[in-house]
Each structure stands twice: as structure tokens, then as C-alpha cells.
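**Student:** Make the full structure from the sequences, and use the hints.
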Amino acid sequence: MKEQGRPVLVIGGGPAGLQAAKDIAEFGEQVVLVERRKELGGAPIRWSYHTLAPDFRPTEEVMGPLVEFCEKNDNVTVMKGCVVEECNGRPGEFRVRIKDESAKEFTEMVVSSIIVATGFEHFDARVDPRYGYGRLPNVIGINELEVMLKQRRVVGHDGRPPKRVAFIFCVGSRDRSTNPWCCTVCCGVSIKQGIEIKQLLPDTQVYMIYMDIRTMGLWEKMYWDSMEKYGINFIRGRVGEVYFTGERLLVKGEDTLVRGPFEVLFDMVVLAVGIEPGPGTKQAANVLKLSLNEYGFLAPRLPNVHFDSGKEGIFLAGACVAPMSVEEALSEGSAAAMQAVKFRRNIVKKVPV
Amino acid sequence: MTGKEQEKGKKKDKEIQTEGEKGKFIIERRYVDDSRIIEPEKLELGGVDMSGRWGTLVLPRTLEDFDTEIYEDVKDLPRGGNIGKCWQCGNCTAVCPVAHEHPEFNPRYLIHIVKMGYTSEIKRHHKAVYLCSGCGLCSAACPKGVDPQGVMIAMSIAFKAHEGELKEL
Amino acid sequence: MLEKDGTVQLGNDEKLELTKDDAKLLEILSSQRRAKLAFGTTEDYLKMLERMKELEKKGEIIVHHVTEEYDPVGVRTLSGRVKRIPTRETWQHKSCGQCGHIPGYISAFYWIMSELGIPYVDDTNQTSCTAWNYYGSGTSNPVALSAVFLRNMHVAYEKNAYPLIHCGTSYGDYKECRYLVIMNRDIRERVRAILKKVGRELVVPEELVHYSEWLHVMRHEVAARRKHDVSNVKVAVHAACHTYKLMAEDYTYDENILGGRKPAPTSSVALALGAQLLDYSNWYDCCGFGFRHILTEREISRSFAYFRKIRPIVRETHADVLITHDTGCVTTLDKSQVVPLAQGYKETIPVISDSQFAALAMGAHPFIVCQLQWHIADWKPLLAKMGIDWKAAYEEYRSYLDKVKGGMKPAFIRSPPRRLEPRGGAKAFRVDEPVMT
Amino acid sequence: MSVPLSAYYQTPTANILPHEYLEILVLFLLVFAVLASYFRIRSWGVPFTPLSVLSTVMTSRDREREGEAIDDVGLVTRAKVATRSTIHDIFLLRRAGAWCEERIHTIGRGLVLWGFVLLSLVTLMGFLIDPAGTPNSLFLPLRLSGDIFQGILAMGACILLLRRLSRQNLRISTDINTWALQSVLFVMGVSGVIADFSLLMNLVLQFQVAYLVNVASIIIFFIYAPFSELTFLIWKGSLLMQETLSTNSAGGK
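Protein chains in written order, with the working numbering: chain E, 1 to 353; chain R, 1 to 169; chain V, 1 to 437; chain G, 1 to 253.
Keep in mind that the hints are not guaranteed to be accurate.
Stated by the list, open to error - Under the rule of at most 20 angstroms between Cα atoms (straight-line distance), these lysine to aspartate or glutamate pairs were calculated in the EDC-like manner:
| # | chain 1 | residue 1 | chain 2 | residue 2 |
| --- | --- | --- | --- | --- |
| 1 | R | Lys167 | G | Glu243 |
| 2 | E | Lys252 | R | Glu163 |
| 3 | E | Lys252 | V | Asp285 |
These aren't lab readings, by the way, just hints derived from the structure by calculation.
**Tutor:** This is the structure in C-alpha cells:
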């Protein structure tokens, strides 16, 4: 196989992966896009996010064009339901073995460089039993609320819209007994959802129970609007226990500004579940012999240069490196694409044909 | 637990409430405010006298619900409209010359308990609002344009209007 | 969200079946989490048990094993470890407050044991665990407490009976003391010196067992002898802090009872007897006893007991009876109702011990054995609901009293202290519940 | 310069606005102001506290306060308490002044308050002594003291305005009503002083202009006051006095 023919392998069909594939293809290079699941689009499509923070753009509007491009474009070879199983060889000519999980077939190919964009998983709130997720009705995660918002139908298990909703922040984040890191987006996403609930059900009271509000950069506007335009209330404190009385959810917590415990009834409790590295990331790390950091995310060579995996010819992008928003993931995909193309062109120069 | 039963309980509390300095004998007395202590002057059961200390009860201080009635009024009163913007940064209290003299006057806190509708807390603190000297420093310091001075004006009116409910238990 | 068909909707296209395995997973996770919050961690606790074995090998301490002669039954503790609960030839470590405040508590328990024909040792040679002192005034110290603990344990050992601790506080206190004695050489040596002076050796029981755990493993035998139908009785349970919050890893849990999220004993007894067990929101809260509070701040103690326990329980569950398994809890929850009722509050509920409830169901006399006449809250509706004719019973009781006045010997339920000889031919070790590993 | 006292005897206001009319107008405005503030305060859903203070002082029968009966407190006691609290809280600025973070702010407030009160007193006296404004022995001293008090008022208002103007953060955050009220007071005082002094110097034209401005500002003040912060200040002041009154009376039993 001639050097020029060697494609770039992109692992992961989420925002970062798609963006990377698109950019490389537009450079006129060959790309192979491997996605473990049966559909492209990654988390936003898989969990069917309704809109994306901070500007409430519908997910399809953001992801649709990317997916469509990769499906249609000739330079992009999309392999769905596949995982990279084996990788050896040297930078410039990695020999990879890709397994089709359903058909149990194997494809072998030589690729010039690899972009890892294996994304993240939502924290399983059952691991933190104090919120009763999975045990109590009307205790849901932000990812499930997105589904409801998409269907424009936010209701409890009894089919009635909730009169009073509580968002509990930092579930499975910033907590030694679960995950010590901050997921960076859940404040913004919860506030976005709070606003959407208010738009959908104006009479519903929405309360945000938070440790700190971390709406970074321009996301702050959502926070201000939620308070000033939509009258969403913010309680600084933590929740110790959620108890189902048979009709409503009794939320026991402390309002640290009052220095006093509260026990208030809510109709629905939404857990702002954190972000954690998924099995895909682990598997990719094993196959490509990449190093993971203490939290199980892929560790870049330098903490502030995400795309540099520290292994020549392998580049990182998106939420497999650290928790991040879709907007960040897209630009990281782009950056990695640039690196991959640069790398390939250099090789072509080095090896005359 | 039905609301009616709760109401009954609350009424009872009121009836048995007595004036004067209560619960002197409670060791950690300073952590318990008067409104929570029920010390009956006259209480007897089967010929046994249980007045005073022997019949004393201390009501719990748990915040049980949000009652936004006063909050809504404050929003409609002159210069109270911006209360909703407050995010509890505490700049107002930091610059307030009164707060430095009188710990019981804390604009940030007053705004919070009214916003959240913690009636029990409002009952304890509403008298403090009249300590505001209207110097306007808070409104100058506020980063969110809440105009705490104006909010204090609106609050002192709203509290007077709800005097009935706000009387000490 | 939790769907009606018991599945959890995770995404637009993904559903997660909440199977028994999931429930178990949940339970394990929550257990681990709770264990983290307890005295030390599960790891420390298991380490301590290892150390105990080592010390025994070295001959530094004698370990009082739960041998087959005690006919032990295995239960799963919070740490996931199997704990062996002795069922016979137990040395009754009584509770100070119990005999004083709730005489029916212990007499009911002895009555049950004699009904089941189980031999036990009711020894007069027992001291208080001094935890009153420890909690009340803080004048005690680890060495003194450990010495008292080991002294009692040695008495049981030389009687060749296995200590069964009635008092939740002693139980928790002893668990912590055992941890100290085993993990801290200094304390161990100083205690050894003290014990030498009173001519005793350093004997550490392999398992520290609370009587509620005994009742838990014997619940099926108890239920088998049930005389009164309690299926229409609504029961709320309060677990004693000192039994399951001190060294939390070492108390009995069971995935089939309350989903393994709360201690199994007492709830299990109620269920085994066929009563309706009800949950309530302040389950984990203290009864208000809190040692220092009951001693120095009655008002707080009393108010907490009523406003944070009794009132919520009555309002949420409308239960007929509140069952607990420790001295302090029964006392506080029962006696604290006096003042509120006098002040006109309406909510009230009878409070009795698990042993009293079991004994009543087994047809024990409500006054001669269970001695309900000492209880404050109105127990008449409960007895009526259990189908016990309390008026007739009370008449019996009165005539019994008259006879006693007339010189009749009152009915004591106790075994004379005796030295037991080791016996062979004990039953094979059986495990009461499917044990999770 | 020599002041021709005759200037005062031929009241030159007459040909602009007859003295009597002016007094009637002011009287009318006063009534309007009181009524307007009454209705405004009632519209907040709270009692009109100045009235309740009066009734508190006047009633010398038992009252129910917070479920606890207060024994009969004589009119004298109450009056005493009222005066004490008036002097302490209002004239000695215990509430209004004590917690101003700057001395100058307190002074400003003090000057406005004292100036305004004394001015009204003097005007009232003048009116009572001689509604027609015809010359008599007290005419000149009253007139001059009136000028002084107007000056004090103007100075106070000027201080308050300058304080707010000089600090950018204050300037931005100050409510439009505050600006309006303080400027009206300022204009009122200044125009009044100018009017009289230009009259003393026989500068009739300046006098007439200033005088018109003065009258206009007075009219505006009375019409505007009920809708300004002043209403709240009066309401709050009376409320606090009433509080003191009841507690002190209760304590004094």
C-alpha cells in the first residue's frame, strides 16, 4: 500500500471524532471512522440531548450536518458497530485489526496515524445510594430529563407534570466516595434544563441545590437569565437523603446560607450526574498502549496540550481526555485533525516514492 | 402527614407559648431562640405538677417549606423589583455600616430568607429590617444591580403588611 | 426514570431491568458506602479480626470461639463477612436501664428462651459496662472501659457460656474496646496488668453478639410458636444507634429484609411474625436519648424524641406499635410522650421491645411477663388488635398481686448460676440465610 | 449698603402673586400632599403610621399589643415618650445619621432636616402673626431667620447632591427619585434666599424671577413629595416612633 493511500484512523463517532474526520476529509485525505455503536453522533445523539448549552441550539442542528457529511463523503469510510482490537507497527504505518462486533468479521489495514476520541459515560447514580436513584420514582438524571424535554413532555411516574422540581448538583462529582473531579458541564446543563422546564411549564417551581455554580466563560449568561428572567431559585448546600413518602419526595438537606437543615417535599428530583471515562476509552488505551491518568481519562503528554498523546502518530480529542462540553469537543477534534494531516504530510516528505 | 394535622400542631404551639425569659436551665441555651421554647406556666397531669422546667418542650428548627407570599409582595412594592437578581455574594453586607454595628441586620441574609420564603427565619429577623439607615452604599456596591437599599424599603413595608403572620410564635 | 414495569429508562433507546442482581448491586454499593462512614473502615475492621487470630496464635490473648456447642447460626454483617451467632448456653449480659425502667423487656426475653427450651446462664456476677460514665461525664478512659469489658467477658468464659449482650450501648462500647485492645499494644498490656490484679485473664470473644441478633436468627422458631395473629398489626421499627452505628460493619444485614439497606434484626422478627412492617422518613435518626442529653438536657432529649421521631412516625405510618431493641430507645420514646400529651399534642404510639412483641405474639402474659403496666403510651388498642383480652389479663394480674401479698413466691424467670461442662454432639453449623460473598 | 426698609412695606410680590393667594395655595397643597401620601401608603397595604402615632399618644385607655395587655398609660407619659423619641430619633438623627459611613452625609441630612423644619415653623409663625403680610415689628426678624433657614436647607441639599455626584458608583446606582427630591429641596432653598436678598438690594427683576422659581419649586415640592422617598421616610419614622412609644410605655408601667 502506497504512503499516500494510507488513511487516518479515527476511533469514536462523537462530536470530536466526526469533526476530525470531516476536517481531514476536506483536506482531501482518506479517513476511516470506527464507531462502537450502531449509529454515529456520540453522546448527544445516543442520550438524545434536546438542545445544547449555552445557546439552546437543537442537537440535530449541530450534529446532523457532521453525521451527514461523514456518511456521504467519499474520503470517509464509516465502520459502525466496530472496535479496534489490535494495533502494531510504527508511526506512519500502524497495522490495525478492526473487529465487527455483530458480524464477528475482522478487517486489517495499515493507517498512517490514529485519532482517539472515545468520549465519556454518564455517572451511574445508583452508585451513590443517598439519592435513591433507580429505587425511588421521579428521581431521574439530567440525561433522562433531556429525553423528556425532547418529547416536550416532562411528567412524573403518575403522568402528571411536577409542581416543584429540585436539581441536585455534583452527583458523582467532587466527592471522594465516587468521582473526585468536576464534570464542568453539569451546572450549565442543569440550568439550561431548568430554563427549558420553566418555558414548558411556567407554573412549576424550580430549585437548584448546588455546592458552587461553575458556569464557565460565556455560559454565565444562562445562570443570570435563569435567576433574573425565569425566577429559578438557588439553594447553596448538599442533600443528605431523598425519601419517598408514597406521594412526593422528601428532600433532606442543609441550606448553608441559613446554617439550618431543610426537609421539603418535591415532585421530581433531577440528579446532575457527572462525567466519567467509558469502557471504550479503557479499551482503546489497552490496544494503543496509551497511558491513563489517576482518574481513568487518557493522559496527554502535557496537561495543557490535549491532542498530544505522547506517542508519535497518535492524537487525542474530546471527552476521553477530560470532561468537556460539545463546543470544546468539536474544536479539539479539529485540532487533532490538523495534527494528523501535518504528521502524514511530513512522512510523505521523508519517504520519497 | 396531612396539612390539617400540622396546622393543629402549630396552633397548639401558639396556645401554650408564654412570655418572659424561658429555658434558663437549658445548658446550651444560647443556641435555642425563644420562639422555639415552650415552657408552660401551669401544666398538670393526674395531680402531678409539670409546670416550668418539667413541662418544657423545644420545637425543632427544621425549615419545612418555601412560602413565597412575602417575596411576591416585595417584588411588586416600590424599588423591590430587583430582589430576584440577588445571588448572595454578600457585597451589601460587607459595605453596610449598620451591619458592622448590628449583627442582626444583614441585608444579604434578609434578602435570602425572603427570597426562599423561610417563614420561621423571617419571624426571627423581620424587626431588624428597620435598622437600615438608607445610606445607599449597598446599592452602590451590588454587582448585580439588586439595589438592596430599595429592597430594604420594600421589605420593611411588606413585613409591616404581614405583621399578623410574622408575630413571634 | 423508574417505569411501572420496574425498569429504569436510561436513554431514548435504552432500558435497564431492575433485576434482583441490580438490587444486590445497589445493596452492596450502599453497604460499602455506609461502611466507609462508620468507625474506621471495613478494611480496618477485617484487619482487626486478622490481628486477633495472630495474637491468639502468639498466645498473647485467649479467644472465646463460637464453637459448635453454642449451636451457632451464620448471618451476614454489613462488611459482607459471615458472623456466627450462638443460640444456646448464652451468658446474659444484662442492661442497667433495662431492668430498672422496662422490667418487662428482659423477663419477656427470658420467657421466650424458656418457652423454646433453650438453656442459658443468668449470672449475677456482672458489672456495668460503665458506658454511662463514658458518655455521660467523659471521666472514664479506654483502659478502664476495656478492663471492665474484658472482666465481664472472662466471667462468661469461665462459666463456659457465650456472652449475649442485651444493652446496645455495652454492645457498641465493647466492639470499640475490642478494637482498641487488639490494635493497641499499650492499652492491651495495661489492661492485662489490671486483670492480673483481679486474677483474670485476657479473653476476647470471637464475636460480640447483641440479643437482637439472637432473636433475629431464632425468629422462625419464635414465629412457629405464635399464638396470636398479628397480621393486621402495623409495625414501625426504630433501630438503636449503638447497635448499628458503632462499628457499623459488625451488625447484621440481610438483602431480603428492607432491601439490605437497613439493619435486619427486629424488622425481621416483625416480618417473621407476619406483622405489616412500615417505613418512615426519620428512620436513621436517634431516639433522643443521646446519653449526655438525657442526663443534662432533658428538654432537648424529650422534644427530639417527640417532634423528630414519634410525631413523624405517627403522621407518616399510623402504625399500631413502635418496636425497638435497646433500653434507651424504649425508655426515651415511651416516657417522652408524657409532656407532649399533657400539653395537648395528639400523636401517640405505644413503644415496646422486640422481645416483648415476640413474647406477646407467643401468648405471654401482658402484665406478669411483659409488664406493659409500666409503659406510658396507651397499649390497650394494640393488645385489642392482637386479639388479647387485656381486661381479663389485668384481672389475673391483680389477683396474682394479691396472692403475692398473701405470701406466694413471685414467679421468677431465671436460671441459677452454674458452671457448664463442655458438651459434644452439637448440631452441624448451619447458615440461616443465603450468604452473599 | 443701605436697605430701604420701605422696600418691605410696599409688598412687591403683590403684582406677581398676592400674598393671600400664595398662602391659600400652600395650604391647599399641604392638604393635597397629606391626602396623597395617606392614600399612597394605604395602597401598600400598611397603616398610615403618623395617624397611629397620634392615636397612640392620644388614647390613654388599655390597648392590646401582641396579645399582651398594657396597663393604663397616662397622656403625659406618652407625650413625654413621644417627645423624647422625636428629639432623639429625629432631631438628633439617631437613626438617620448614626450609621452614615461619612460625617458629611450625616451633616447634610441634619442641615436639610433642621432647615426644613425651622423654615416651616417660621413661615407658620409669620402666617399666624399676620396673614396679610402687612408690616409689624416681628416681620423683619422672621423674614431674615427664614432666609437663614432656607440657606441651611439649600446647603444640606447641596451637600447631599454633591456627595452622590462626586462618587461614581453612588452616582450610577442612585435612584431617580432621590435626585429629584434633593434637587427640588436645593432649588427651593437657593431661590428663596436669592429672592429675598435681591429684594434687599432692590433688584426687582432678579427678585421677581427668583421669587417665581421659588414659588414654582414649592408647588412642585408639595405635589411631588407624596410620590417620593419622603413618604416612606415619614412612614418609617412614625412606625419606629410608635414602636418606641409602645415599648417604652409598656416598660414605663
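**Student:** Now, for every hint given, state plainly whether the structure supports it.
**Tutor:** Outcome of the hint check:
A distance of roughly 14 angstroms separates the Cα atoms of lysine 167/R and glutamate 243/G; the hinted pair therefore holds under the 20 angstroms criterion. With a C-alpha separation of about 30 angstroms, the suggested pairing of lysine 252/E with glutamate 163/R is violated against the 20 angstroms cut-off. Taking the CA atoms of lysine 252/E and aspartate 285/V, the gap is about 12 angstroms. The hint holds against a cut of 20 angstroms.
Checked against the numbered hints listed earlier, the structure breaks hint 2 alone; every other hint is satisfied.
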